[in-house]
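Undergrad: Produce the complete structure using the sequences and hints provided.
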Amino acid sequence: MIVTEKDTYTILADEEKGVKSFASFLDFIVPKAHAEKNLVIDLLKYEQLTLEELLCFLEISNQQRAAQKSFVLVNKAVHIDHVPEELMVVPTLEEAKDVIDLEEIQRDLGF
Numbered sequence: 001m002i003v004t005e006k007d008t009y010t011i012l013a014d015e016e017k018g019v020k021s022f023a024s025f026l027d028f029i030v031p032k033a034h035a036e037k038n039l040v041i042d043l044l045k046y047e048q049l050t051l052e053e054l055l056c057f058l059e060i061s062n063q064q065r066a067a068q069k070s071f072v073l074v075n076k077a078v079h080i081d082h083v084p085e086e087l088m089v090v091p092t093l094e095e096a097k098d099v100i101d102l103e104e105i106q107r108d109l110g111f
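With UniProt numbering applied, the sequence shown covers 1 to 111.
No lab work stands behind these hints: they were computed from the structure.
Treat the hints loosely; a few may be bogus.
Unchecked claim - Restricting the straight-line Cα-Cα distance to at most 25 Å, the calculated cross-link-like pairs of lysine to aspartate or glutamate (DMTMM-like) are: (1) K6 with E16; (2) K20 with D42; (3) K69 with D14; (4) K69 with E85; (5) K76 with E95; (6) K20 with E36; (7) K32 with D42; (8) K45 with E85; (9) K17 with E52; (10) K17 with E53; (11) K69 with E52; (12) K69 with D7; (13) K76 with E104; (14) K6 with E104; (15) K76 with E59; (16) K69 with E15; (17) K69 with E53; (18) K6 with E36; (19) K45 with D7; (20) K37 with D101; (21) K69 with D98; (22) K76 with E94; (23) K32 with E15; (24) K45 with E5; (25) K6 with E95.
TA: As C-alpha cells, this is what we get:
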C-alpha cells in the first residue's frame, strides 16, 4: 500500500492488482493505523472498476463516517448516479481534497 500524508488527510493507494483484496486489507488496517484520519482512497488505476467492487469499501466507509472522519474514493469508472449515497466517490484527487475540506467545515459548524 502506498501512503501519502497531507495536512488534513491521508491518501491510500493499492500497489497490487485487486480491488477486493485492497478493500479487505483496508478493513483490517484502517482501524489499527488510520482510524483518526480523513482518508482518500486512490482507485484511479482501476479504469474498469465495477459497482460491485466499489461496494466492497462500504463497510469501512461507514465506520470512518461514524467516527466523524471523511472517507473519499477516487475513481472515474462507475457513473456517480449508480453509486449509493453512503459512498463518496469523486473523479479526481483535487475533488477529494475539496470534499474533505467541506466536510471538515461542516463538522466544525456542528452539521
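Undergrad: Against the 25 Å threshold, does the CA-CA distance of K20 and E36 hold or violate the hint?
TA: This hinted pair holds, its Cα atoms lying about 23 Å apart.
Undergrad: Given the hint that K32 pairs with E15, test it: the Cα-Cα distance must not exceed 25 Å.
TA: holds (19 Å)
Undergrad: For a C-alpha distance cap of 25 Å, please report whether K6 and E16 respect it.
TA: holds (22 Å)
Undergrad: Take the C-alpha atoms of K76 and E59, compute the straight-line distance between them, and say whether it is at most 25 Å.
TA: holds (21 Å)
Undergrad: Regarding the pair K17 and E52, is the alpha-carbon distance no greater than 25 Å?
TA: holds (16 Å)
Undergrad: Has the given pair, K69 with E52, been kept, meaning a C-alpha gap of at most 25 Å?
TA: holds (24 Å)
Undergrad: Check the hint pairing K6 with E36 against an upper bound of 25 Å on the C-alpha distance.
TA: OK: K6 and E36 at ~14 Å, within 25 Å.
Undergrad: Does K37 pair with D101 here, judged by a C-alpha cut-off of 25 Å?
TA: holds (13 Å)
Undergrad: For a C-alpha distance cap of 25 Å, please report whether K69 and E85 respect it.
TA: holds (16 Å)
Undergrad: Is the straight-line distance between the alpha-carbon of K69 and that of D98 25 Å or less?
TA: holds (14 Å)
Undergrad: Is K45 within 25 Å of E85, Cα to Cα?
TA: Roughly 23 Å between the alpha carbons, so the hint for K45 and E85 holds.
Undergrad: Would you mind confirming whether the straight-line C-alpha gap from K76 to E94 stays at or under 25 Å?
TA: holds (13 Å)
Hint violations for this structure: none, all hints satisfied.
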